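Here are the chains, one letter per residue:
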Amino acid sequence: MSARKIGEVILKVEEISLAFGGVQALSNISFDVREHEVRAIIGPNGAGKSSMLNVINGVYHPQKGSVTFKGEKRAQMDPHKVASQGVARTFQNIALFKGMSVLDNLMTGRTLMMKSNLFQQAFYWGAVQREEIKHRERVEEIIDFLEIQSIRKTPVGRLPYGLQKRVELGRALAAEPTLLLLDEPMAGMNVEEKQDMCRFVLDVNEEFGTTIVLIEHDMGVVMDISDRVVVLDYGKKIGDGSPDDVRNNQAVIDAYLGVAH
Amino acid sequence: MVALASSMNSTFPRMLLQHSRTRPNAPAMREKNLGIWQTFTWVDTLERVRALAGGLAALGFKRGDNLAIIGENRPQLYWAMMAAQALGGVPVPFYQDGIASEMKIVLEEAGIQFAVVEDQEQVDKLLEILTDLPAIKHVAFDDPRGLRHYQQPQLVNLDSLCDLGREYAKSHPDFFEKSVEQGRADDVAVMLYTSGTTGAPKGVCQTHAALIATAEVLREFDNLNADDNVLCYLPMAWVGDFLYSFALTHVAGFCLNCPESPETVLTDMKEIGPSFYFAPPRVYENILTQVMIRIEDASTIKRKLFHYFMGVAKRVGMKILDAKSTGVNNVSLWDRMLYKLGEILIYGPLKNVLGMSRVRVAYTGGEAIGPDLFDFYRSLGINLKQLYGMTETCVTVAMQRSGEVKLDTVGKPMPGVTVKIAASGEVLVLSPGMMKEYYKKPADTAEVIDENGYFRTGDAGFFDPDGHLKIIDRAKDVGRLKDGTLFAPKYLENKLKFFPHVKEAVAFGDKSDNATAMINIDMAAVGDWAERRNLGYAGYADLAAKTDVYELIRDCVAKVNFDLASDPNLCGSQIKRFVILHKELDADDGELTRTRKVRRRVIGEKYAKIIDALYSLDESVLIEAQMKFEDGRVGIVKATLKIEDVKTFTPAEAASSAKKAA
Amino acid sequence: MGSFIEVVLGGLMAGLLYSLVALGFVLIFKASGVFNFAQGAMVLLAALAFARFSEVMPMPLAFILAALVMVLVAFMIEKLVLRHLVNQEGIILFLATFGITYFIEGAGQLIFGSDIYRIDLGLPKEPKIILESTFDGGILISIEDLVAAAVAGFLVLLLALFFQKTSTGRALRAVADDHQAAQSIGIPLNRIWVIVWSVSGFVALIAGMIWGSKLGVQFSLALVALKAIPVVILGGFTSVPGAILGGLIIGVGEKLAEVYLGPIIGGGIENWFAYALALMFLLFRPEGLFGERHIDRV
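Residue numbers (our numbering), protein chains in the order written: chain L, 1 to 261; chain V, 1 to 662; chain P, 1 to 298.
Think of the hints as simulated: they come from the structure by calculation, not from any bench. Keep in mind the model is a prediction, meaning the values are calculated, not measured. Ideal Cβ positions, reconstructed from N, Cα and C, are used throughout, including at glycine. Take the hints with a grain of salt, since some may be wrong.
[Unchecked claim] Derived pair list, reagent style BS3-like, types lysine-lysine, alpha-carbon separation capped at 25 Å:
(1) Lys32/V x Lys134/L
(2) Lys153/L x Lys642/V
(3) Lys436/V x Lys406/V
(4) Lys153/L x Lys302/V
(5) Lys153/L x Lys270/V
(6) Lys511/V x Lys642/V
(7) Lys559/V x Lys503/V
(8) Lys30/P x Lys32/V
(9) Lys153/L x Lys79/P
(10) Lys324/V x Lys314/V
(11) Lys511/V x Lys440/V
(12) Lys436/V x Lys482/V
(13) Lys559/V x Lys406/V
(14) Lys79/P x Lys81/L
(15) Lys482/V x Lys511/V
(16) Lys134/L x Lys79/P
(17) Lys497/V x Lys576/V
(18) Lys79/P x Lys98/L
(19) Lys153/L x Lys165/P
(20) Lys546/V x Lys559/V
(21) Lys511/V x Lys153/L
[Stated by the list, open to error] Ranges of calculated distance between the beta carbons of each label pair, as one might list FRET restraints:
(22) Val191/L x Asp444/V: 55 to 63 Å
(23) Thr39/V x Pro60/P: 24 to 32 Å
(24) Arg533/V x Val191/L: 38 to 46 Å
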């Protein structure tokens, strides 16, 4: 498919177990993600995919196990810190600022990279404007990349669902992440929108070299764009490997049997 | 105004050189890139064209070669056109949304070896057919996104091509100027493939001389000059874009502005504020629809204001606009003040939103434009005019002069153009903008250009008493009633379709006693109308059969008849009887083409029984029709259709009430 | 005619001050969804602090110190109250601001004293007569009011710039739009709250100074804030321009009603006019002039 170089392991998840009250959401999950690869986590509904993403993201704190990102082993972390380490994400239920323009939404994605503080903003207008322009240039590149020039100034709330998803991807990209977590990026889309989204995911991976972990419920799309796939079912890992391996894995076939697609 | 040396014997590359000498720092092109308008002066343009030409020359492009140009309106692609011309070659622009298999035919016929394309999408299309087209040696692309890992030896980045060209220029100083020197005015400047609605696509070869002469006429006609601004957003392969963008930027020296993307055209218009605008009726219609939707969503006060002042504009706006060119003022002071107030409150802001605040002249052409649409723009003070022409004549056969605008004519013949009406009613044109030939199709060329050098347009038309040309239909579709009256079905159908309640209409009358029509109502519009008067209905067929609906449509048809009555040529073809069809004509049933054009022959056979009834004295007809459902099943629909008579008018009646109205 | 214009001008001035208080409400409501009942108390506290500081130090220094006090208050409110009530119902947060109100009023008077204090900004108090040639008797206008109006206008401009043009302003708008989304992309909610309450405290300081210089600093200043409630109802809870226009409408409306309707239906209209107007709005246009229309989809 491409001449992308897949590098060393960048994210390592080891023996993660997570329970809410009596419900075991994840049990003993381990896998790794290599630099520049597209890694999918799939599984039927309730398999624990979103929980897994939230563990990586720092929203949930697992009872057992560890997450190692860029060689740094983590105990507990909050999402804010994880974000500042270079992890950005999108949400299954779009979490954009509906009343703000696309441009402003993307600019908020640069928050962590803004250096000026409130004091400077009040007194050093020129320097702050220069910084703003620098960020704006980067954001414009993303707007160009995602082909959303025509909606730059449109309030996000007025956009159709598919475009909102694209804007959310844009906001995540604005943070220039090394690791991008996509929570069901194609959910609720029609075939054409899904194809567009696939193309953007691949382009992001190729042009920016971003490592991508994506969760999908629907096997079909993911298989085409992923380098390796982890399959979860009832909080357990039942498969891990290339799309072809996974497709022929009996446990996976069983898990998906009876699940309508 | 730009002083240009006599344009006789000039070519576009010579004009480029001249602009870069006489007004080097004037803007030649703008492009919005990453949210910012980037300007290229004439010197910048020359530098890039020179580099591109060098690169092409280094790869072996030579005089007489054709260069394929595929993509949206980008400065780089316009430069590629200029580079090809400078080298004595011929640019062949393609429609960017054409599919690979269609492109293949043209690429093959034009013997394309070199192509300059916009992006991955176009590269992919070419790669798909490359194995069948061994002649193609080089494909240069502008936007490298997604192409990084493509290994095909033919591919070259446009930037590297320019670098190559700059190297080439070092070892071949003056190659550019020398090559331009060798160019002659009667060389072919561009090859424009007509979309080929009839038969295979044909490459229209236009010379520098013809294009420049035409552009000169256009410049004079509307006083275009270097201060004008144009947004080029129509397909590069279309003659309209080539003439109004490419040729006129050379001749009038104004700046071309390329939109950021096809979706941003409206925003870009607003930012650029073009002074000259050209669009087919469809585009004007889309804009109007968007305005109306937004108005309906606006607050009550705004909506009321809008409708009130649009009423004022409708009443006096067009007269005020005409007064600007004719000097004849017959609008009361009060109305003029109201209109001024409207300009401040409504028209001004609206034109600003549409990006038309600075439009001096706007044109439309290609198909008939509806009266409501036309009046809407003109009443706002936008000088919208119609023109008539085709690729083969560099468009510009007839155009409306400011102050001499009529809804259903296309204006008087342009200076230097002679228009004749053949005995058959066909419009014949002798024009300085006449094409040289259809590329490699001498037989076709001979067929359309007669022994006296007139071009057969294939359109039927006539001159009205004021000397304006009126185009009524394709010549082959025009027939005669039994009494010899001209019968132009499309003209009648269009007039009917301009009513929002009529979706489709098919007129009959050739070799008959009188004209009749079959009508499809517009489900949305008529449904809405019915709901507002609490008229219940169960579906299309039910609604179509309602007496009230028949009355509504009969009024529309009567209005058409009234219009026809005032035209001596068409008075006899008033519609005597009509029927509202029980089902919508559908492309799936073969009644329409995929582009929603009526298939006269199919309909004539399928509904022979109805047509017979239209020409009998019956007041209804029972029909059975096969119908495909959405799920693919086929069923039979039975219905009794009413046939109604419509009032017709004598010319005297039309004239007298027209006087009363005035 | 001259007297009519005088009444309108007087109303505009009073209205502008309502607007300033209302602005404080709107800022906090937008950013944290809290209807801050304590806004009036904050005005009182700011005025008290400024009045007492300016007794012992030059005015600019007193201004800066008073502003710092307001930042401190914002900081403490976030630390002690808001942080612990994250994701609670609006009504609970609203009730919490009741507590804050009493606390601030009590603590403020404990620290700064409970007498009536004067704020003298050094502006000429005596009114001026202008436009004598145009109207019979001219129009009486207070320079102090004019300066106050200019300051208020400048403040609004500054706030608009801050919200639209700075990255912090953008972050504030983001938080106002969707708390959770803002948090997830790394906008620190706590800091934003401190900023919003500080800004709103700063606005309270300006309002307190102007009111204080007109009426003297006393407990009744906190009641002025009550007038801001009809103002936000009129203008819409989330609209900055609405707060300003609402204030002006109520200011002018109540003065006009007092002067022209007073003789007919009795005096004291000024006291209830604003609430009656607000009630009308609640009945016929609950979202206010500029508020977001809230439609529950069924």
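Hints numbered earlier in the text: which of these fail when held up against the supplied structure?
2, 3, 8, 9, 11, 12, 16, 18, 21, 22 and 23
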